[in-house]
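Visitor: Okay, here's what each chain looks like letter by letter:
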Amino acid sequence: MESNNVREIIQQNIRKKNHFSDKLMPKIFLFMALISVVTTFGIVYTLIFDSIKFFSQVPISEVFSTKLSPLSKNPSFGFLPLLNGTFFTTIIAMLVAVPIGMGAAIYLSQFASEQIRKILKPVLEVLAGIPTIVYGFFAYSFVTPLLMKLIPSLGAKNVLSPGIVMGIMIIPMVASLSEDAMNAVPEIMKEGAMGLGSTKLETTTKVIIPASISGIVASVVLAISRAIGETMIVTIASGSAKNFTFDITQSMQTMTAYIVEFTSGDAGSGTVGYYSLYAVGLILFIFTLIINLIAQYIARKYREEY
Amino acid sequence: MRNLNGNKSKFVYQVKGLNLWYGDKQVLKDINMKVLENEITAIIGPSGCGKSTFVKTLNRMTDNIPIVRTEGEILYNSQDIFNSEMKVEELRTKVGMVFQKPNPFPKSIFENVVYGPKIHGIKSKKTLMEIAEQSLRGAALWEEVKDRLSDNAYGLSGGQQQRLCIARTMAVSPEVILMDEPTASLDPVATMKIEELMEDLKKEYTIIIVTHNMQQAARISDKTAFFLSGELIEFDKTNKVFGNPADKRTEDYITGRFG
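Line order of the protein sequences matches chains A and B. In terms of my numbering, the numbers along the first sequence are unbroken and rise by one, the last being 327. In terms of my numbering, the numbers along the second sequence are unbroken and rise by one, the last being 260.
It should be emphasised that the hints constitute simulated quantities derived from the structure, not laboratory data. Glycine included, every Cβ here is placed at the ideal spot set by N, Cα and C. Check before you lean on any hint, since a few could be wrong.
[To be verified] Derived, one-sided and incomplete: chain A residues facing chain B with beta-carbon distance under 10 Å:
1) Ile30
2) Ile31
3) Gln32
4) Lys38
5) His40
6) Lys48
7) Ile189
8) Asp268
[Unchecked claim] With a straight-line cut-off of 25 Å between C-alpha atoms, the simulated DSS-like cross-links for lysine-lysine are:
9) B:Lys17 <-> A:Lys38
10) A:Lys211 <-> A:Lys221
11) B:Lys119 <-> A:Lys38
12) A:Lys37 <-> B:Lys203
13) B:Lys119 <-> B:Lys108
14) B:Lys126 <-> B:Lys102
15) A:Lys37 <-> B:Lys88
16) A:Lys44 <-> B:Lys203
17) B:Lys203 <-> B:Lys95
18) B:Lys88 <-> A:Lys38
19) A:Lys44 <-> B:Lys127
20) A:Lys48 <-> B:Lys203
21) A:Lys37 <-> B:Lys124
22) B:Lys127 <-> A:Lys37
23) A:Lys38 <-> B:Lys127
24) B:Lys95 <-> A:Lys38
25) B:Lys126 <-> A:Lys37
26) A:Lys37 <-> B:Lys95
[Unchecked claim] One side only, chain A facing chain B, incomplete, derived with CB under 10 Å:
27) Val27
28) Arg28
29) Glu29
30) Lys37
31) Gln78
32) Ser82
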């Protein structure tokens, strides 16, 4: 009786249900998904469109030269100093972030007790939440003076200090993504290794890390793309000297810092200098795009199936 | 046996010439089968013989797999379930399903049971509580959980979780319950409880159960269907299939000579 009653109510309701929202909502969701796609195309379009104006006036051979003097009477647009600056800050940052981040990830996922984990993980995440301008200031007013005591020849603006600080900033990203990857390795695999008499460390290095290598590599590659795109720290602490040098104790300008310098008003709209911003932006975009593609490729290719 | 020869019995399902392909691979080949009301039909056969796919087709769960193509007819109470008139949501409230691994939602025990009635528009707290109690009693779980209905369902044991899933299915008052190896991940005690439960369930529901466990099929079912490589080899009363199978392959399978 009772159950027949319920059955009837349910069947009636189901028949009454008009599936308007079931039809409409997916279209709204599609629209929302398209917004990000359209925005991406819009940005790429602007970059390419205005870059073409730049490259039609500046020969490619000049772009790959080492002389960058966009504001002089006789401007020259060699971007190698910028590529150089970005390259060095990124390398230094990765030298700091990858070993420390990996170490932290291994500790957190394999060795830390639950209590320690509960304290360490939030602290690490706070590190990720600090605005980059604060990091920049920290590099300029704290790390640089500190390093000067060790390296007296260090310039007030240099590549070393922001590189290190950028690395510190990226640690949580490497640590957190790598930790997720290691935690995703099934417990049973760990038990398999333990059951053969391997120590915790052997289990970690021989089983857990190989099994999660795709996630780890992906986290490193994403960190690289983050370092390349980082702006504030290098703008503040590494200065705007357009030198083509390999001396990391001296000031170099990164691609991002160049864009900051010029959008703050030095280049008049419509000049070659103005369009050079788009060209640098395009180069930056291509770099990070390639790196993200590599990350995706690696994550897919080196996945240990389990 | 009371339903086998009952003259008022009607066919809940009539499957006529059902063919099903996964891409190019034919998984079900010309299946013809009739299922009587208030009977337990067991479906047995080796892994990959198409028995799970067959059961999933009965409430169109195969709709979700884009490469699946079906041919033929499945009449549910003389209505073709592939007909565009048939609302798939309506079909699935009438034909409930219990899966191989217990799959409660990460909600409280109570919320799990009333999920179905709630989304189908039953709002009264009192009615929902009644439905919950009735369903949990029906699934022989009430006594074990009545004092902790607001606890998370994942605190239950595997066997309890599976009975909760049965209660959840019963809560929308289906006519048929499909079970896809419902005891495959349970221990013998929990399995026995579910088997006992099915005896009671068949008074109100028609049950179609896929099982790997031959003793289980022999113990609980009225009819048994033996599938092999996508074909329905034999379909008859259970004691006939197990006692005196018509086909050599059925005999080989149930005596454990292969599979």
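Visitor: Could you tell me which of the hints above the structure violates, numbers in ascending order?
Guide: The structure conflicts with hints 6, 7, 8, 9, 12, 14, 16, 19, 20, 31 and 32, although it agrees with all the remaining ones.
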